[in-house]
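Start from chain S and add chain A according to the hints.
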Amino acid sequence: MKSPLVPSGNRSAIARNLATLALLLLTTFDLRAQETTTPPVADDKQLIQMLLQRIDHLEASEKQLQASEKQLQDRVRLLEKGQPAAGTAAAPDSPAADQAAHAQESETVEAENMDVSKTLMNIRGFGDFGLYGGDQKAQHTSFGLGELNLFITSDISERFKFLTELVFEVHQDNDFEEDLERILLEYDFNDYFKLSGGRFDTEIGYYNTAFHHTTWFQTTTDRPYLFQYEDEGGILPVHSVGLSATGLIPSGKVGLHYVAQVSNGRASSSPNVEPVQNLVDENNHKAVNVALFARPDAVPGLQVGFSTYRDVLYPLNSSRIGETIMDAYAVLNRPNLEWLNEAVLIRHALASPSHIYETPGFYSQISERFGSFRPYLRYQYVNASRYEPVFPGVGLRAGPSVGIRYDVNESVALKLQYDHSELRQQPGVNTLALQAGFTF
Amino acid sequence: MRPLEVLPAVFLLVLVLEISPDRAHGSEELESAVRGSPQQSLAIVVNRSNPVDNLPFNELRKIFMGERGHWQNGRRIAVLMMEHGSPERETVLREIYAMTEARYTDHFLRGLFAEDVSIVPKTLDSPARVRKFIVQAPGAIGYLRASDADESVKVLRIDGHLPSDKDYRLQIDANSEN
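Just so you know, the protein sequences line up as chains S and A, in that order.
Every position in the first sequence, counted from 1, becomes a number in the working numbering once 4 is added.
Every position in the second sequence, counted from 1, becomes a number in the working numbering once 1193 is added.
Rather than coming from a laboratory, the hints here were simulated on the basis of the structure.
Hints may contain errors.
To be verified - 27 Å max Cα-Cα, derived DSSO-like pairs, lysine-lysine: (1) A:Lys-1255 x S:Lys-198; (2) S:Lys-141 x S:Lys-198; (3) S:Lys-165 x A:Lys-1359; (4) A:Lys-1255 x A:Lys-1325; (5) A:Lys-1347 x A:Lys-1359; (6) S:Lys-290 x S:Lys-198; (7) S:Lys-198 x S:Lys-165; (8) S:Lys-257 x A:Lys-1255; (9) A:Lys-1325 x S:Lys-165; (10) S:Lys-290 x S:Lys-165; (11) A:Lys-1347 x A:Lys-1325; (12) A:Lys-1347 x A:Lys-1255.
Extracted from the complex, chain S is given alone in its bound form (with noise of 0.2 Å):
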C-alpha cells in the first residue's frame, strides 16, 4: 500500500535505485553465460577478472541498498504509528513545512549571527585580579581576586527572559562563596510594563543598577562606599528579593520611565544574620522602593531621576525602627565624557525613645576617555552618627580617588588608582589599587 507519510523524494530514489540494480545484475548474468561458452584466452581472463570484481561491487551495492531499504520501512512503520522518526525531515513538498522548514533555517542562522545575544541560553563572563596595598592599622599588600561573574541570559519566549548573575568571590576569611547576585523571570508586556521576580539590584539611585557584580564596566577599580556590597560592610539594602515593575511612562521628548518594586527588604534582627532575606522575611513587612527619572532627547547622554525606599525593621535589642532611603542623582554618559553625581539621604527612625538618624552622603566621578587612556577623579562622602543604630561603626568617610583606565583592547583593562579617606577622630588612610580587569 501506497503510504501517504512516505516522502515521496524517497520513494522515487528507491525505485530508481532498485531499477538500477536489476539491469547491472541482468548484465552481469549474460556475461557469465558467454564466458561458459566461450573458450578462455589471455585477453579473456582479464576481462572476467575485471567483471567478477564488478559483481563483487554490485553485490555490496545491493546489500547496502537492502538495508537503506530496511531503515526506510523502518521509518514507515513509526510515522504510521505516529511516532517521530529521529532524523526524519519533514516533506520538502507541503507547503507548511516548507515554511517551518525554512523558519527553523533561518532562526538558526540568525541565532549563530547574533551580535550580543542568542536567542537561547548566553553566557558572557567577567572577572579581575589585583595587587592592593595601604597604610591602614593591620592592612597588607596583597594580591587579590575579585569577583569572577558569570551572566547568564535566555529568551525562554517572545515575552518571557530569564537573568541570573552567577558570581564566584572571595571574602576577607580568603574563602571562596559563590552567591546568586541576581536570578530574574522577566515578563515583557509592551515598553510601558515589564514585570520581574526574583532576587534583584535594588532601584535605589543611579550607580547599584549601572554597573551591578563587575568591575569591568565600571571605570574605577571599586563602587562608592555609598553602594557597597551588603556582605562588604555597604550601608544600603542593595539587593532585594521579591517584584519589580519598569517601563516607560509616555512623555515625548523627555524620556521618563518609573520603577516600582515590593520585596522582603533587608535582616535587621541581628548584624550577623545573612543581609538579604532570600527565602524567609523576618516579618510580614514588605520593603517598597519607588523611582523615577527622565533621559531627555535634548541632551543626549544625560540621565536625571530620584528614588524612595522605604521599610521597617525590627531589631532584637531595639524598639522598631522606620527606614527611609532617598537618592538623586545626575548623570551624563557620552562617548568620551562620564560623569555622575549621586547624593543619598537615608533617614532612620527609632520608634522608642523617639530619635532620628540621618545618614548624608553623596559621591561625584569625572572621566575623559583619550584613546585607550581614560583618567578619572572621583570623590566620596558618608557621614553617619556614631549612635546610628543599623550601621554603628560606619561614621565619617570622606575623600579623593584618582586613577587611569587604560584599555589594552576590547576585553582587557588596566586600573590603577589612589584613595584617601579621611575618618572621624582617626588618621587618614591611603591605599593604592593595581587592577586588571577582563570580560570572556
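Leaving out everything else, chain A in the frame of chain S:
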C-alpha cells in the same frame, strides 16, 4: 564653599559646554569620520503588514539603540544589522548609532547587563537574507541599499522623506564602498 555646594554649579557648566551643537549626538566620532560624496541611499525597511509608514529620526535611533522593544501595535521589534564591514552597516553605525564598531558592541553588552536595552540586533549576511527575514517576521526592521529594496518589503519614510528624496539623510558613504 563645600563640595556639595560646588558640584551642581560645575555640573551645569559642563552640561552647557557639552550640548553645544558640534558636540551633540556623540559627535566626536562623527567628526573623525571621513565623508565622501553619497553614492546611494540606505532604505529603512519593515514588513509590509507593519502599519508604520514614517518614523522621526529620533524614534528610529531609539529603536536601533534597543530602547524600544515593541511597535505601537504591540508587535515585538527585531532589529537587523548587516555583516561587519559592509557599507550599509558602516552607514548605520555612523548615521544612526554615531558609534564605532567597538562602542556599538559595548553599548549592547552594557545595556543587556544593566537591563537597559529591550532588544539586541541580529546580524544577517546579505540583502537577500534581510528581505527574507523581514518577510517572515512582522516586527522586524532593517536596512537595505535602496536598489536592493523590492516589493516584498515596505520602505519607511524617515522624517517624512523617502530614499529618493533630496533631503533624505541616510546616504551610503562613497569611501565605505571600497
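The hints, checked one at a time:
no.	hint	result
1	A:Lys-1255 x S:Lys-198	holds (18 Å)
2	S:Lys-141 x S:Lys-198	violated (48 Å)
3	S:Lys-165 x A:Lys-1359	violated (43 Å)
4	A:Lys-1255 x A:Lys-1325	holds (24 Å)
5	A:Lys-1347 x A:Lys-1359	holds (20 Å)
6	S:Lys-290 x S:Lys-198	holds (21 Å)
7	S:Lys-198 x S:Lys-165	holds (11 Å)
8	S:Lys-257 x A:Lys-1255	holds (11 Å)
9	A:Lys-1325 x S:Lys-165	holds (26 Å)
10	S:Lys-290 x S:Lys-165	holds (25 Å)
11	A:Lys-1347 x A:Lys-1325	holds (13 Å)
12	A:Lys-1347 x A:Lys-1255	holds (20 Å)
Hints 2 and 3, counting from the list given before, are not met by this structure.
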